[in-house]
Amino acid sequence: MPDTANDARNRERHGRSMRYIFSRVPLTAELGIELVDWSTPDTVTTRMAYSKLVDNGSGTPHGGAIATLIDTTGSAAVWNGHDHERGIRGMTVSMTINYIAAAREEVVVATGRCVRRARELNFCQVVVTTDSGRIIADGSLIYRIAR
Numbered sequence: 001m002p003d004t005a006n007d008a009r010n011r012e013r014h015g016r017s018m019r020y021i022f023s024r025v026p027l028t029a030e031l032g033i034e035l036v037d038w039s040t041p042d043t044v045t046t047r048m049a050y051s052k053l054v055d056n057g058s059g060t061p062h063g064g065a066i067a068t069l070i071d072t073t074g075s076a077a078v079w080n081g082h083d084h085e086r087g088i089r090g091m092t093v094s095m096t097i098n099y100i101a102a103a104r105e106e107v108v109v110a111t112g113r114c115v116r117r118a119r120e121l122n123f124c125q126v127v128v129t130t131d132s133g134r135i136i137a138d139g140s141l142i143y144r145i146a147r
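In UniProt numbering, the protein residues as written are 1 to 147.
Just so you know, not all the hints are guaranteed correct.
Unchecked claim - Cross-link-like lysine to aspartate or glutamate pairs, in silico, EDC-like; alpha carbons within 20 Å at most: (1) K52 - D37; (2) K52 - E85; (3) K52 - E30; (4) K52 - E120; (5) K52 - E105.
Unchecked claim - Label pairs and their calculated CB-CB ranges: (6) K52 - S132: 19 to 29 Å; (7) G59 - R119: 42 to 52 Å; (8) E105 - E12: 19 to 29 Å; (9) G59 - R11: 15 to 25 Å; (10) K52 - R116: 32 to 42 Å.
None of these hints come from the bench; they were simulated from the model.
The beta-carbon is built from N, C-alpha and C at its ideal position, and this holds for glycine as well.
Given these sequences and hints, build the entire structure.
Shown next, in the form of structure tokens:
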């Protein structure tokens with residue numbers, strides 16, 4: 001029998017986690033990374049508009065800005081399905097990024113999915129596309145949540 005009270009409590013905690021990541025983390029806010037969708041547990045979609053701040057000097061987003069987008073999106077996907085009774089201190093342990101194409105002065109969209117949860121380690125996959133759906137990067141992330 002489903003525990004709807006516990007499910008509601010977890011969704012409220014997930015909401016607090018999302019609000020924190022996207023409004024209280026200075027780098028996320030400064031880069032303009034926005035939460036688009038977190039309606040599906042373990043999955044998050046974000047976006048980052050092109051700006052002079054993220055420009056690499058040639059009209060495309062800097063690789064570091066894309067890396068931050070991947071890190072933020074992957075960690076948010078973990079928090080969006082996490083049982084907060086299992087821990088509340090999170091950190092990225094490992095991240096691998098493949099830069100596939102350039103996004104010329106375009107909005108980029110990232111979709112992250114937590115594909116496996118272990119005791120403390122969580123494994124994520126993130127795909128970054130242009131608004132039109134062209135893949136520009138992908139990444140994998142291992143994110144640890146400890147007590």
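How the hints compare with the structure:
no.: 1; hint: K52 - D37; verdict: violated, 25 Å
no.: 2; hint: K52 - E85; verdict: violated, 41 Å
no.: 3; hint: K52 - E30; verdict: holds, 12 Å
no.: 4; hint: K52 - E120; verdict: violated, 38 Å
no.: 5; hint: K52 - E105; verdict: holds, 9 Å
no.: 6; hint: K52 - S132: 19 to 29 Å; verdict: holds, 22 Å
no.: 7; hint: G59 - R119: 42 to 52 Å; verdict: holds, 44 Å
no.: 8; hint: E105 - E12: 19 to 29 Å; verdict: violated, 38 Å
no.: 9; hint: G59 - R11: 15 to 25 Å; verdict: violated, 40 Å
no.: 10; hint: K52 - R116: 32 to 42 Å; verdict: holds, 38 Å
The structure is inconsistent with the numbered hints 1, 2, 4, 8 and 9, although it conforms to all the rest.
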